[in-house]
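There are 2 protein chains.
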Amino acid sequence: MTRKLYELLGADDRRFSPYCWRARMAVAHKGLDTGYVPMGFMEKDKIAFSGQKQVPVLVDGETTICDSWDIACYLDETYADAPTLFGGDVGRATAWFISCWMETEVFPSLLHLLVADIYTHARPEDQDYFRESREGRLGQRLEQCAEQAAGYLEPFRSSLQPARQVLKRQGFLCGTLPAYADYILFGTFQWARGVSPLAVIEKDDPLRDWLERMLDLYDGLGRSVTAYDY
Amino acid sequence: MTRKLYELLGADDRRFSPYCWRARMAVAHKGLDTGYVPMGFMEKDKIAFSGQKQVPVLVDGETTICDSWDIACYLDETYADAPTLFGGDVGRATAWFISCWMETEVFPSLLHLLVADIYTHARPEDQDYFRESREGRLGQRLEQCAEQAAGYLEPFRSSLQPARQVLKRQGFLCGTLPAYADYILFGTFQWARGVSPLAVIEKDDPLRDWLERMLDLYDGLGRSVTAYDY
Chain A
-19 MTRKLYELLG ADDRRFSPYC WRARMAVAHK GLDTGYVPMG FMEKDKIAFS
31 GQKQVPVLVD GETTICDSWD IACYLDETYA DAPTLFGGDV GRATAWFISC
81 WMETEVFPSL LHLLVADIYT HARPEDQDYF RESREGRLGQ RLEQCAEQAA
131 GYLEPFRSSL QPARQVLKRQ GFLCGTLPAY ADYILFGTFQ WARGVSPLAV
181 IEKDDPLRDW LERMLDLYDG LGRSVTAYDY
Chain B
-19 MTRKLYELLG ADDRRFSPYC WRARMAVAHK GLDTGYVPMG FMEKDKIAFS
31 GQKQVPVLVD GETTICDSWD IACYLDETYA DAPTLFGGDV GRATAWFISC
81 WMETEVFPSL LHLLVADIYT HARPEDQDYF RESREGRLGQ RLEQCAEQAA
131 GYLEPFRSSL QPARQVLKRQ GFLCGTLPAY ADYILFGTFQ WARGVSPLAV
181 IEKDDPLRDW LERMLDLYDG LGRSVTAYDY
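Chains A and B supply the protein sequences, listed in that same order. Going by the numbering used here, the residue at position 171 of the first sequence is 151; the numbering climbs one at a time, nothing skipped. Going by the numbering used here, the residue at position 206 of the second sequence is 186; the numbering climbs one at a time, nothing skipped.
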C-alpha cells in the first residue's frame, strides 16, 4: 500500500474529525484504496514529516498533501479520469463557498454543542491536552460548555436551512450524485455522530434521508466506524 | 430585436429587482444583446402571455422562459459555446445552494431593511398595491418596518460572512472570473442600491472591492441605471 491517510483517533477507535471525513470520502469517491494511520490529539509526531500539525494528511506515493481542501484539489487534478469532486473550476469555487459557509455559519454553534462530548470521547491520554487547548480557545471551562450546550442545538439546526432548501429539489448538494460539497456536510454529521448521543437533527428533518444515502455510500464507509446511531 | 427581457420598473426608471438583475447579468455574461421591457408592480398584464405573474421573463425568439433560475439554466444550455454560467452539473447544483442560502439567510433581514424604501421608490401608481401586498406578507405596516429597519442592518451584514470568507482567497464567488453565483449576490446589492441611500455595507467591507468589479462588468451594466452610490 503506497497510499496512507493520517486521521484523528479518539477513544474506542473512534474517528470523528469532520475534516478527516472529507478526505476519507474524497479518496473513496475517486475509487482509490488507502490505508489509514490514526493518531490521537497528542501524537503530532506521527505527522512531523508533513511540516505541520494537523490531520488529515494524505501520503500518495511520493507526494504528501496536508489540509482537507488541498487533498480534494490534489485528488481531482491527479485522478481526473475518476468521477469528479468539483466538476471543474466554477464548481470548485462554489464548493469553497460551501466550505466557508460551514466554517462561519455552522461550526461555531456545533463546536459549542459538541466540545464537552469530544473531550469525553478523546483518548484518555489526550484529554488534558484537549481540555487545555479548547478551554483557551473558547474562553470557558468544558463543564460550562456542557451546561450551555443545549442552547446551541436550535442555532445549529437553523444554520442548516440552506442545505434543507437545496435537498427539496435535488438528491444531493451536488445534484443527482454526491460530490465534494456533500462530503463537507457529511463530515459535519460524522463529527456529531462520533461523539454525541444526542440526535442533532430531528427525526423528521429532511436532511435525514440525505444522511442515510451518504452513510450507504462506498459500502457503508460512514457506518464502518464506532458512532452513535440516531 | 428578437430577444426581450421583461423586468421590474420603479419610479425614476429604477430597476431594483434582485432576480431581474440575475437575468440581466446572465444574458450579458453570454454576450447576448437584449431589449428590456420594464413593467411596474401592477402591470402584470404585460407578461400575461407567460402564464404567470412574476418577472423576470425572457423571450428568446420563439421561446419564453420565466424565473431567473430557469432563465440561467436555459441560457447555459442553449448558448453552451459562450462562457459558462455554471461550469457544468456540479457547479449548477452548488450555485443552487448559494441561491438557497441567499433566500433563507440573507433576504429575510434585507427585505425588512429595504421594504419601506421599495415602497418609496415604486411608481406612484403601484404604491397602494405594493403596500397592501407587503403589509399582508410581513404582518405589519410599512411605517413600523421603517422604524425597525435599522435593527436589520447588522443581521444583514453578518449574513454575508461566508461570501467575505470566500473573497479572501479568490476574486469572485465563482473563482478567477465571475459567473452565476456572483450574479446572485450582485442582484442583492443592486436591490439595495436601487432603493436605499443607506450604505448597507461598511466602507471597509472587503465585499466592496468585489462589488466595484461587478459594477464594472459588461461596460458598466450595473451602473447604467438610476441607483444610490455608496
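There could be a bad hint or two in this list.
When chains are identical, the list treats them as one kind, so a pair holds in a single copy or across two.
Unchecked claim - Pairs of lysine-lysine, DSS-like flavour, derived with a Cα cap of 30 Å:
hint, residue 1, residue 2
1, Lys24, Lys148
2, Lys148, Lys10
3, Lys26, Lys183
4, Lys33, Lys148
5, Lys183, Lys(-16)
Simulated from the structure, these hints should not be mistaken for laboratory data.
| message | Tell me the hint numbers this structure goes against, listed in increasing order. | response | Structure breaks hints 3 and 5.
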